[in-house]
Amino acid sequence: MSYQKKSIRAVIKDIDESKIYLPALQRKFVWGKRQIELLFDSLMRNYPFGTFLFWRLPRDSAESYVFYEFLKEYDERSPFNRRKTGAFLSEEIIGVLDGQQRLSSLYIGLMGTHTEKAPYKRTSNQSAYEKMSLYLNLLSLPYRVDEEDDVVSIEEQNFEFRFLSEESARTSVSRRVESSEGTSEIDEPMYWMKVGHVLSWKAEPEFDRIVNDILTTSLTDSQRKAFETNKRFIRRGLDILHTRIHRDELINYFEVAKDDLEDILKIFVRVNSGGTVLSKTDLLFSTIVATWDDGRDQIEGLLKRINAKGDGFSFGNEYLMRCCLVLTDGPVIYKVNSFKSENVAKIRTEWPQIASAVEKTVDLLTEFGFSSSSLTSQNATLILAYYIYKGGDLSKESKAGMRKYLVHSLLNGIYGSSQDQLISDLRGAFRVAVEGDGKGTSFVGRFKQFSFADVLKIRLPQQKSLAVTEEDIERFLNVKKSAASFWILSMLYPHLRLEDVIFHQDHIHPAARFEDSNFEALGIPKEQWKDWLELRDALPNLQLMEGKQNSAKNATPFKDWFDAMSEAHQASFSTSNYLPSGISLEFEHFMDFYRGRKEMLRAELRKVLAMSEAATRDEAVWAGRDDEIEDGSGSLSEDLLEALDTST
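Residue numbers (this note's numbering): 25 to 672.
Honestly, the hints are just simulated from the structure, not real lab data. Please read these numbers as outputs of a predicted model, since none were measured by experiment. Where a beta carbon is used, it is the ideal one built from N, C-alpha and C, also for glycine. There could be a bad hint or two in this list.
Stated by the list, open to error - Label-pair ranges, simulated between beta-carbon atoms:
#1 A227 / S395: 32 to 42 Å
#2 D584 / Y144: 55 to 65 Å
#3 L223 / D444: 43 to 53 Å
#4 E610 / G56: 36 to 46 Å
#5 K141 / A535: 43 to 53 Å
#6 P72 / A34: 34 to 44 Å
Said to hold, decoys possible - Capping the alpha-carbon separation at 30 Å, the derived lysine-lysine pairs in BS3-like fashion look like this:
#7 K145 / K43
#8 K577 / K554
#9 K108 / K96
#10 K52 / K282
#11 K29 / K43
Given these sequences and hints, build the entire structure.
And the structure:
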């Protein structure tokens with residue numbers, strides 16, 4: 025390997041002229057806007073930039089491998105690099121083995137755009153996505169004049185790089201800031217220059233002319249005045265930006281020239297296994313797609329399809345690679361340097377069946393009402409995919425068993441620790457070894473129907489259990505509105521068509537009623553207000569309700585909303601929603617309603633959940649569970665629980 029240097033401008037030019045590509049080994053671009061902005065800040069400060077690893081190979085050899093083009097216009101809705109098609113134009117091409125994220129960031133910052141969803145806006149709203157370019161605020165450069173009248177840097181202040189839309193850059197001309205005395209607020213002028221302009225500057229630019237050209241544009245009076253005041257700082261900043269991009273050879277790289285992919289894989293693994301750049305499953309992904317002609321497209325296409333199902337999911341390469349390993353009966357735990365060609369070949373050969381099993385699994389999740397927010401352990405679905413892959417049926421009875429398994433595994437947090445051993449043990453129970461004719465051992469599915477009763481009999485590691493205790497039931501009843509409360513409600517409302525209709529977790533007594541002014545008007549003692557508020561979001565005040573119906577109900581007092589129903593409707597609603605009889609539905613009787621419904625739910629949960637013979641769970645076992653119910657949903661305080669118990 026030889027060590028060489030290049031300027032950023034030279035490398036960006038090579039990328040834009042289709043001389044540098046990304047091997048299929050590399051994963052997709054993952055840096056966010058802020059990381060890119062800070063990268064450019066580091067450049068301006070001349071911080072260490074790191075080394076790169078390039079793979080040089082002749083055009084004829086490059087035709088045998090899969091390469092991808094650099095992203096120029098990043099869009100989080102489709103953050104995938106485009107595959108290189110057609111003949112290479114250069115006699116030699118460069119593949120980036122290490123440094124993809126940094127080079128992609130430089131390319132996007134200098135020549136491209138970055139598009140992602142604005143905060144607090146819906147993904148379905150196309151106006152929530154805005155194309156942005158990288159800009160630098162020339163009126164907020166981190167410089168000052170010292171005692172000797174020299175321009176020096178202010179170390180504690182960053183260069184203000186920001187991704188902005190063209191409209192925002194043009195109209196954001198000032199902002200309110202605290203005055204230097206700290207006694208008032210003042211208007212601070214801003215001027216945003218597109219960073220990519222630096223690429224068009226000459227080798228020896230006339231910075232005074234560049235500044236004067238800006239002054240002739242449509243500036244406000246305050247901007248023009250600030251330019252005159254900060255001319256030295258602006259000239260200094262532009263000079264440093266030009267120097268870092270054009271003159272300094274900041275791209276320090278090692279170059280390898282090998283045609284053998286096995287050698288390149290060894291180098292790639294060695295370079296990337298020391299840090300956090302790639303995980304084990306990412307490296308497996310890289311190994312698969314490096315020689316699989318359309319492998320990356322197949323995998324990314326599957327990810328797009330399954331993540332778009334239902335209300336949306338957030339599956340990634342890691343999940344799919346784990347599916348590949350589990351479904352093809354490969355090792356669950358994979359060491360970085362233990363890629364076996366026969367395993368990779370098997371995954372490639374069986375990909376259509378793998379993809380089909382994964383899609384059917386996600387279809388089931390949608391049918392069960394799950395989405396990215398409620399599926400807190402993706403690994404819990406692996407055994408479902410394995411069962412389907414091995415030919416298990418999807419009858420009504422099997423679906424019921426699969427749903428029970430999934431809810432129990434999430435409620436008990438069995439995937440909180442020792443996941444590899446757990447997955448291995450479950451898979452072992454779902455398969456039977458068959459000796460082939462000189463071809464070694466293969467595995468077939470043990471079960472044609474998914475019986476939750478059979479799954480309960482499987483011995484799990486570390487004394488984990490899918491069954492629940494009386495202590496667990498009490499925890500479930502105290503859970504607040506969250507993913508965990510959805511799991512529980514889905515078992516209490518098995519008749520709902522969660523795959524066809526959007527259901528909300530609705531407050532039976534509307535959340536809007538729990539206000540101090542309302543408490544006071546009803547004569548509720550002030551010392552009880554906190555308790556009422558704490559119970560507002562707890563399970564006994566929650567139900568699953570169609571989204572449209574919930575919107576119509578909104579803040580209507582529950583008693584008024586209920587009284588508007590016909591008698592027949594009231595009867596069916598009371599039964600299906602576990603409303604306690606003989607208790608007023610007026611808000612002032614909320615505490616009585618809460619206690620009554622809690623006991624009804626307790627009785628029903630004992631029926632629909634698999635109960636353990638033990639009353640409590642061993643503390644050592646409990647310590648290894650996923651803490652979704654304890655921390656993720658905010659359980660009720662001990663004082664309040666004691667008060668509820670004593671008043672029952």
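Verification of the hints:
Between A227 and S395 the beta carbons are some 55 Å apart, a value that contradicts the proposed interval 32 to 42 Å. Distance hint for D584 and Y144: a CB-CB separation of about 32 Å, inconsistent with the stated range 55 to 65 Å. Between L223 and D444 the CB atoms are about 49 Å apart, so this pair conforms to the stated range of 43 to 53 Å. The hint said 36 to 46 Å for the Cβ distance between E610 and G56, and at roughly 50 Å that hint is violated.
About 27 Å separates the C-beta atoms of K141 and A535, a value inconsistent with the hinted range of 43 to 53 Å. About 20 Å separates the C-beta atoms of P72 and A34, a value inconsistent with the hinted range of 34 to 44 Å. With a C-alpha separation of about 39 Å, the suggested pair K145 and K43 falls outside the 30 Å cut-off, and the hint is violated. Between K577 and K554, the direct Cα distance comes to roughly 25 Å. Compliance with the 30 Å bound is thereby established for this hinted pair.
Simply put, K108 and K96 have alpha-carbon atoms about 14 Å apart, close enough for the 30 Å limit, and the pair holds. At roughly 24 Å between alpha-carbon atoms, K52 and K282 fall within 30 Å of each other, so this suggested pair holds. The hinted pair formed by K29 and K43 meets the criterion: a straight-line CA distance of about 16 Å does not exceed 30 Å.
Hint compliance for this structure: hints 1, 2, 4, 5, 6 and 7 are not met, and every other hint is.
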